[in-house]
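Taking full-length UniProt numbering, the leading residue of the sequence shown gets 1, the next gets one more, and so forth.
Wrong hints could be hidden among the right ones.
FRET-style restraints, in silico, Cβ to Cβ [what the hints assert, rightly or not]:
id : residue 1 : residue 2 : range
1  : Arg185    : Pro254    : 12 to 22 Å
2  : Pro254    : Pro47     : 41 to 51 Å
3  : Glu134    : Pro154    : 30 to 40 Å
4  : Pro91     : Ala50     : 12 to 22 Å
5  : Pro89     : Asp43     : 38 to 48 Å
6  : Pro88     : Ala45     : 40 to 50 Å
7  : Lys135    : Asn172    : 10 to 20 Å
Think of the hints as simulated: they come from the structure by calculation, not from any bench. Since the structure is predicted, the reported quantities are computational estimates derived from the model, not experimental observations. Note that CB positions come from ideal geometry on N, CA and C, so glycine has one too.
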Amino acid sequence: MNERSHDGERIADVDDGDAIADVVEEAAEDAAPGAPLVVEPHDPADPAVARLVERARLLHDPWARLSPDAPISGDHVLNPDWHGDETPPPPREAAVLIALAANAAGELGVILTERASHLSAHAGQVALPGGKIEKGETPTMAALREAEEEVELPPGAVEPLGIFEAYLTRTNYMVVPVLALVRERVTLRPHPGEVSEVFLAPWSRVMDAAYRHERSYELEGRRRRFYETMVGDKSVWGVTAGIFKVVSERLYGP
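With the sequences and hints as input, model every part of the structure.
This is how it looks when you write it as structure tokens:
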């Protein structure tokens, strides 16, 4: 196996797929569960939440399927030549949950995960809960299901507000961000097979362009550009940071 990585994003040529799968499965079984995280419902009197809910009314219906005619944002905005002369195959559909809750001090935050170190792709990377949209699911159904699987967030404790335009990734996923509010006090527990840590990132920080920086690195002979926001000692970068940029501009303006 030949492998290169950048901040947790891995590109690999794998010839021994079965052996790799066995190693990953054993690592998942041996992984210690991460610490639980208690999150609180937001304060209804918080003007920031009231403004957010008002702006969310301009989004797509949270239970709808995204129209193929809807605008598309994505990695290609910063990297217009990422596929060169090749025509990419039809993208695969996925969804992520932007679930907002409060910490013990009442400060609004967004639920983020750190992916488990044994995963074969994007190990250790900070991400929103989410994954592939299964047949018959809407983006919101998929995002809620994945959040329950990854961090035990009960779907009944969440109020979806709306969905944003799809975000096209370099790896050819069409990711639909789903905005939601956590309405109950819940204890989140990271699934050891997928997630090493679950934490609450300050919403004001990931929405603030002053903390969002453009970075770049070389990949397959091309310079790839991406966004990064530091949250404490954690790097929120790539697709997740790109999605936060789109969300910030749609809710609060450029």
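Here is how each hint holds up against the structure:
Our hint of 12 to 22 Å for arginine 185 and proline 254 is violated, since their Cβ atoms are close to 35 Å apart. The given range of 41 to 51 Å is broken by proline 254 and proline 47, whose C-beta atoms sit roughly 22 Å from each other. Checked against the hint of 30 to 40 Å, the pair glutamate 134 and proline 154 fails, with Cβ atoms roughly 19 Å apart. With their beta carbons about 36 Å apart, proline 91 and alanine 50 fall outside the hinted range of 12 to 22 Å.
A hinted range of 38 to 48 Å for the beta carbons of proline 89 and aspartate 43 is consistent with their spacing of about 46 Å. The hinted window of 40 to 50 Å between proline 88 and alanine 45 holds, with their beta carbons roughly 47 Å apart. Roughly 19 Å separates the CB atoms of lysine 135 and asparagine 172, a value that falls within the hinted 10 to 20 Å.
Checked against the numbered hints above, the structure breaks hints 1, 2, 3, 4 and satisfies the rest.
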